[in-house]
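**Q** We have chain E already, so just place chains G and P on it with the hints.
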Amino acid sequence: MERGRISAQQLMIMMVLFVLGDTILVLPGSTAMLAGKDAWISGLLTVAAGLGLIWFYAAFQKRFPAMTLVDVSVNLLGRWLGGAVSFFFLFGYLLLLAASMLRVLGDFMTTHVLPNTPVQFIYLLFLVISVKAVRSGLETIARTAEIVFPWVVMLITLLIMFVVPQSRLYHIEPVMAEGIKPILAGMYIFLAYAFMEPVAFYMVMPFVRLRQGKGLRKPLLLGSGMGGLILVVIIFFCLTVFGPVITRESIYPSYLLAKKIELGEFLQRIEVIMAITWLFTLFFKLIISFYGTCLGAAQLFKLKDYRLLTLPLAMILMVLPDLLAPSVIGISEIGQVYPLFDWTFSVGLPLCLLLVQLVRQKMKRSRSSEEQGALPQKGEPR
Amino acid sequence: MTTQQRAPLDHSLHRNLTVIRKAIGTSGDIIIREFQAGRSGEVPAAIIYADGLADANAIQSMVLRPLMLADMPLGIGQIPLASRAKEHIVYIGDVEEITDLESLYKAFLTGNSVLLFEGDQTALSLDTKGWKERSVDEPSTQNVIRGPKEAFTETLKTNIGLLRRRIKSTTMQVEYKTVGRLTQTDLAIVYMDGIVADEVLNEVRHRLSLIDIDAIFESGNIEEFIQEEQLTYFPTVFNTERPDVVAAGLVEGRVAIIVDGTPFVLLVPALFIQFLQSPDDYYQRADIGSILRTLRLVALFIAMLAPAAFIAITSFHQEMLPSSLLISIAASRSGVPFPVFVEALIMEITFELLREAGLRMPKAIGQAISIVGALVLGEAAVQAGLVSPGMVIIVSLTAITTFVIPYSSLAVPIRLLRFSLMGLAAMFGLYGIFVGLTYVILHLNTLRSFGVPYLKPYAPFIMADQKDGVWFRAPIWKMLKRPLSLVNRNQTRQRPPVPKPSGKE
Amino acid sequence: MWGVLASFGAGLLFAGYELPRLLRAQRKKEAVIFLMFLAIGITLCVLHALAVPLPSPYQWLEVIYGPLAERIFAMLQ
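Protein chains in written order, with our numbering: chain E, 1401 to 1782; chain G, 4 to 508; chain P, 1339 to 1415.
Extracted from the complex, chain E is given alone in its bound form (with noise of 0.2 Å):
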């Protein structure tokens, strides 16, 4: 049904803004309450070992060439057990995912930007626009964020380029004082939020066009690189900027730093420019998990077109985000548990599929010696 194909650099680019979806508002205060003064480096090791869970996410898809994962799960455990797994997988996950970033959405916008605006408008106007995006299919969501990435990339290097005068190393210092521990404290948020929720693209990876002896890996390697390097970024001046304390207390420091620039008399106060950085990364994160779940649901009850059960959803989608927590501290307190959600579908799934299917396979094996050990299906997704 999906008979959209993006090209591997828009993949690479959509990698980026769904890695700095909510993180870039949200990671560098959680992370600093975590980590303190090096919460730069538990950055820059998170990516690092996220890097590493995006080349697992490269192989895991590379045994299932063009499945997405609710093909997959159907596929080695059966209608029953697959589709379960799956339903948990879409309406579980990744519909909470959604709201989650709406979530986010609302409680900045209301607390910094529109404060006077009732926060079902916000959700509203964000949902039109989802809706439109994932109706009108793969390859315009893709090409969008081809367009948008360009302005991405330039606010935020503006943000830096402003900044930089007034970041004062003596904050970070000393190194490393309060050990390993805190470090890996910090990595514990950052890996998820931004190395694990991508595991919303394995129902995206399937529709990449792919050129002769090239791999799904590069683009995502280098499109989470880059998003998590970004971050880090971010952190790092975050933290030289304010210092740990303030960057710990508020929620969302990014938007204190870009409250900082100022050139001269005249240009100041423009954050909100800045805050349309993060409403594109935002917006991109939702409609990639929103595409999924709506793809995936198709899939799953065998509908003709994935586009049915999108207006539905946004309904849902209306009153979710409002349910997750009765305050923005709410949002910020989920970050303890939130994490372990990640790891069970982001990597605990895949793991577990991996695993049924190399049992299948030696018991295929084992079966009859000339059969080849055959892997599920393969062949264009629906």
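Hint data in this document are derived by calculation from the structure and do not stem from the laboratory.
All C-beta atoms, glycine included, are put in the ideal place defined by N, C-alpha and C.
Be aware that one or more of the hints could be misleading.
Cβ-Cβ distance ranges computed for the label pairs, FRET-style [as the list claims (entries may be wrong)]: (1) 1673(E) - 283(G): 28 to 38 Å; (2) 466(G) - 1673(E): 22 to 32 Å; (3) 1565(E) - 327(G): 23 to 33 Å; (4) 291(G) - 1673(E): 26 to 36 Å; (5) 227(G) - 1764(E): 57 to 67 Å; (6) 1487(E) - 396(G): 50 to 60 Å.
To spell it out: a stretch of chain E is covered by chain P in this simulated footprint if at least three of its residues, at any positions, have a beta carbon under 8 Å from a beta carbon of chain P; those stretches are [claimed, not checked]: (7) 1578-1590; (8) 1712-1723.
**A** Below, chains G and P alone, put in the same frame as chain E:
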């Protein structure tokens, strides 16, 4: 088509003429001149032509005169008189033999003259077209500072000629078609064989063949039929009055559709960036061209966003303005009874009205109105406290930048978008603008023109095509290939080496 | 009040948009699934508009993963 019209011609001249006279009815401008062809007047014949369409002089001297003076062979009904006349007697270049009534009617209705002979079932259609047409003049809309100032006219033949003057190659193919049951409008499909992508060409032919309507008057009618996307404000078919633009498009692999009766020629496939490119970008130096293009891009953003941004910032995000500016804007707005959005709306609508009026004004009054509109209305409105001076500036800026967009087909959607963005800004500030712009970008990305994604070469991003983009134009000696967006064969435009002044080797 | 109306209105709109096409193509099973999800959506919206307290998925996460998280944090202190 009735069976009568498909009917072949009769042997008898008299019977043919009776049928024809009945079909013409009371139209006095269709002239049927019966005469005796041949030196001694042996063969009854008739010539039929339309008074306003055919060149009477040509008919008289090139057709009637030689026929009346010629040696016509005797033996009516035994010798093919029409072909003999065609081969030996008539002094006309483009001659066709016709054998049925339908073609006969079409012939004299398009300005040809028709020769009928007694005893011959074949008639001759002679190209004696000669009506008064507008001379080749400056383009009315797409002017350049440097570059040719010729524009197409309303006559198909002339327009093809203007193209041939620029592309002197046999690979430029011209295919004729007729559309419109009553108007029988002539069309020409022009393309470069060997460069054009076959899929596009076949698609053009296919879509044109599907047109079945009474009347086609303008290329705009055709455009509506062949465009892919019906539900969008944005043009997916490019039109221009300029032969140099069409010729350049042809050489890039596009297909041109020339419609008789209008100077506006269509070019497909059409991409968004084309509507922001002006021919003089190419005729001036590359660096100047690039700067002008960037300027145009900035103008596009201002035209779309200026009022909306003003509304958003003054209503929601006042902190973004430097305090002195904020104070002066607040002061200037203090007497205005309306909220910013209404004020902006009033000004913009007033301006649109002035613009439309200015288009249709007789030339004499036009100047007066523009002065009245600009100075008096603006001043008066400010004095009366209806609008603030800041708003007048914004609206004027908007107006000027809209005219920077070279093609009105794009200016129209931009104007419409401006209003929607204003509304969103009034309700949701910059967030509303964000949502609006994102929606537009999403929408643009769903558009295709004859299969080519509308925002190529930005999405999908093609590095090689960036050389001729919206904000940049590489020097001509760097443009080695045709746009990858369009063409699938014969990509090389020119071969290196790059020309260098001879002293520097 | 308005929220409830808006929810029903939206639900009707969405149904009116998707259902005719589905029914015309005889895709009854899909229509049923669509309506199921739409019903869930409308219900949630209406309940939320009426300020009825609804369960929170994050709370479920706390319940499921809470103990494990605590142990991990204990290790990392």
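**Q** Now, for every hint given, state plainly whether the structure supports it.
**A** The hints, checked one at a time:
no.	hint	verdict
1	1673(E) - 283(G): 28 to 38 Å	holds (34 Å)
2	466(G) - 1673(E): 22 to 32 Å	holds (28 Å)
3	1565(E) - 327(G): 23 to 33 Å	holds (25 Å)
4	291(G) - 1673(E): 26 to 36 Å	holds (30 Å)
5	227(G) - 1764(E): 57 to 67 Å	holds (60 Å)
6	1487(E) - 396(G): 50 to 60 Å	holds (58 Å)
7	1578-1590	holds (count 5)
8	1712-1723	holds (count 10)
The earlier numbered hints are all upheld by this structure, with none contradicted.
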